[in-house]
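Student: Going down the list, the sequences are from chains A and Y.
For the first sequence, position 38 (counting from the first letter as 1) is numbered 38 according to the numbering used here, and the numbering increases by one without interruption.
For the second sequence, position 3 (counting from the first letter as 1) is numbered 3 according to the numbering used here, and the numbering increases by one without interruption.
By construction, these hints were calculated from the structure, which means they are not laboratory data.
Only a predicted model underlies this, so the values are computations on that prediction, with no experimental measurement involved.
One or more hints might be untrue.
In silico DSS-like links for lysine-lysine, alpha-carbon gap of 30 Å or less [said to hold, decoys possible]: (1) Y:LYS189 x A:LYS51; (2) A:LYS116 x Y:LYS88; (3) A:LYS12 x A:LYS66; (4) Y:LYS189 x Y:LYS93; (5) Y:LYS88 x A:LYS12; (6) Y:LYS93 x Y:LYS70; (7) Y:LYS70 x A:LYS66; (8) Y:LYS70 x A:LYS51; (9) Y:LYS70 x A:LYS12; (10) A:LYS116 x Y:LYS189; (11) A:LYS12 x A:LYS116; (12) Y:LYS183 x A:LYS12; (13) A:LYS116 x Y:LYS181; (14) Y:LYS181 x Y:LYS70; (15) Y:LYS93 x A:LYS66; (16) A:LYS90 x Y:LYS88.
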Amino acid sequence: MSSPILFVIVGKNEPLFEAEIDTYTGTTGGNDLSTRQNYFVLHSALDLVEKSAWTTNSMYLRVVDKVNHQQVSTFLTAGNIKFMLLHGGKGEEVVRSFFNEVYGYYVKLSMNPFYKYDTPITSLAFENRVRAAARSYLS
Amino acid sequence: MQHYVNRGGSSSEGSAVSLSAFAYVYSELVQYHQGRAASISELERRLESAGYGVGLKVLELVAYRTKETKRETRLMSILHFVSSSVWKALFGKSADSLERSIDHADEFMIVDYEPITSTFVSVPPDLGQLSADAYVSGIIAGVLDGAGFSARVTAHSVNVEEGEYAKPQGGNVVTGLPARKDKAVFLVKFSQEVLARDAALER
Chain A
1 MSSPILFVIV GKNEPLFEAE IDTYTGTTGG NDLSTRQNYF VLHSALDLVE
51 KSAWTTNSMY LRVVDKVNHQ QVSTFLTAGN IKFMLLHGGK GEEVVRSFFN
101 EVYGYYVKLS MNPFYKYDTP ITSLAFENRV RAAARSYLS
Chain Y
1 MQHYVNRGGS SSEGSAVSLS AFAYVYSELV QYHQGRAASI SELERRLESA
51 GYGVGLKVLE LVAYRTKETK RETRLMSILH FVSSSVWKAL FGKSADSLER
101 SIDHADEFMI VDYEPITSTF VSVPPDLGQL SADAYVSGII AGVLDGAGFS
151 ARVTAHSVNV EEGEYAKPQG GNVVTGLPAR KDKAVFLVKF SQEVLARDAA
201 LER
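Same shape as in the complex, but just chain Y:
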């Protein structure tokens, strides 16, 4: 039993956790909060704040493991960091896409076709628009806030268009479930001061 300071910082020591273990623990977490929340938005807020602390720690850990001497100071680079490095560390693959909103200059979208937080979740009709991926939007918000880019992040389930999947419609390789009809879109809305600072750095 080693003291944590003596263990190596690398990720090679027993890093893979089974999907089922995560799904069980996560479902307990959701049920815990569901029992204590009075409304849909309160449940989402609780999941987001649960993920926020994780995001702060993930930021330090992933930055330490990938590139030990550089921090992100620009908006686009922190978004790339989140959608590739953080996603790879957490879910084993990059996010499926990173888009910029046409209508609003301060909004960006990170898309994941198979988010593991909602793979095994079915939302009953009386909970309407609830997204169980609120935990992941909390993680994203934690990473961005820690790095100094405060943002409001929300998770949405959006129906997948016909033929939108880049890979053949074989369904989910890991779980053997058929391909999902909705993808998770994480909407990231940066605060005004972050945009102003980034614009000033542009010059």
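Excised from the complex, chain A in its bound form:
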């Protein structure tokens, strides 16, 4: 039994992408209550991210918050788009590699002239890649 992992991409005003990954089966799952709780935890960590965003110039911000047995790790792109991962204590290097891979896909997505910066991501290819990366790095 493994804890579900929640990956959210947050723009300046709203979430742009959400994926709940149950690493055991690799698909969405989990009951509603824990899902809502997870979203709440992740979004409340946004304040801490904002605070540390200007004090460091690295992109990977490590673990910004710890709640119960879960941790929130964050990665900031050059355009200040926040990738946030709620997980149950994965190793630093593993999470960093996952973020770097998703960053590569995000940059390629941005090159699409029809994708407007800071808008919700609806590309199916992007979602599939993110889930595949999560399966390979985080399980």
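Following the hints, complete the assembly by docking chain Y onto the known chain A.
Tutor: Quick look at chain Y alone, frame taken from chain A:
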């Protein structure tokens, strides 16, 4: 025909575009907007907003290609990033100079002696002060805004002083045209909150 996610992110694959191709496409873009704008400032605004989207994307792309783990958090470093990395990626060379205004603490100037957006453009007298480089000022504004440094960027054509060119007066090497009499100066005026935040970080 590869899906974009499978292509490499590096810039080595077919990255150079001919200047003439760009000039043709850009002239069409300017004419398109010219037909729809009612005034000079509206035309400039349209060119700026066309460049803004490019700036946002260029920021992510150039940052990803040059240094994969660092973002810019200070004013001077983002300006250096724009005048060297972004300029190199877009135009193949660094901007010719980056200056700070003496009169206003929130204004900076990026100078380019041969901006490709106006190399082939001649502005008729009834359009007065129009700068076709408004597209580039849109790009700069997009890069700065995306990085969190909101600023107002405007393009101006300024006459070149005698003997100001650092290199010998051989004219433009690429196009074979004689050296231009005016250079493009991009005036960057940062908003107050950006300056306040940068001053707070100084301590």
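Student: Now, for every hint given, state plainly whether the structure supports it.
Tutor: Tested hints:
A threshold of 30 Å between alpha carbons decides the hint, and for LYS189 (chain Y) with LYS51 (chain A) the separation of about 25 Å falls inside it, so the pair holds. The hinted pair formed by LYS116 (chain A) and LYS88 (chain Y) meets the criterion: a straight-line CA distance of about 24 Å does not exceed 30 Å. Pair hint LYS12 (chain A) plus LYS66 (chain A) holds up; C-alpha atoms about 23 Å apart against a cutoff of 30 Å. Distance hint between LYS189 (chain Y) and LYS93 (chain Y) is fulfilled; the C-alpha atoms sit about 23 Å from each other, no more than 30 Å.
With a C-alpha separation of about 28 Å, the suggested pair LYS88 (chain Y) and LYS12 (chain A) falls inside the 30 Å cut-off, and the hint holds. At most 30 Å may separate the alpha-carbon atoms for a hinted pair to count; LYS93 (chain Y) and LYS70 (chain Y) meet this at roughly 22 Å. With a CA separation close to 24 Å, the supplied pair LYS70 (chain Y) and LYS66 (chain A) stays within the 30 Å bound. A C-alpha spacing of about 17 Å is found between LYS70 (chain Y) and LYS51 (chain A), which places the hinted pair at or below 30 Å, so the restraint holds.
Taken as a hint, the LYS70 (chain Y) and LYS12 (chain A) pair is honoured in the structure, with Cα atoms around 19 Å apart against an allowance of 30 Å. Taken as a hint, the LYS116 (chain A) and LYS189 (chain Y) pair is honoured in the structure, with Cα atoms around 25 Å apart against an allowance of 30 Å. Only pairs whose Cα atoms come within 30 Å are accepted, and LYS12 (chain A) paired with LYS116 (chain A) is accepted, the gap being roughly 13 Å. The hinted pair formed by LYS183 (chain Y) and LYS12 (chain A) fails the criterion: a straight-line CA distance of about 36 Å is larger than 30 Å.
Of the supplied pair hints, the one linking LYS116 (chain A) and LYS181 (chain Y) is violated, its CA atoms being roughly 38 Å apart against a limit of 30 Å. The hinted pair formed by LYS181 (chain Y) and LYS70 (chain Y) fails the criterion: a straight-line CA distance of about 39 Å is larger than 30 Å. As the CA atoms of LYS93 (chain Y) and LYS66 (chain A) are separated by approximately 46 Å, the hinted pair breaks the 30 Å bound. For the given pair, LYS90 (chain A) sits about 39 Å from LYS88 (chain Y) by alpha-carbon distance, which is inconsistent with the 30 Å threshold.
In summary, the numbered hints that this structure violates are 12, 13, 14, 15, 16.
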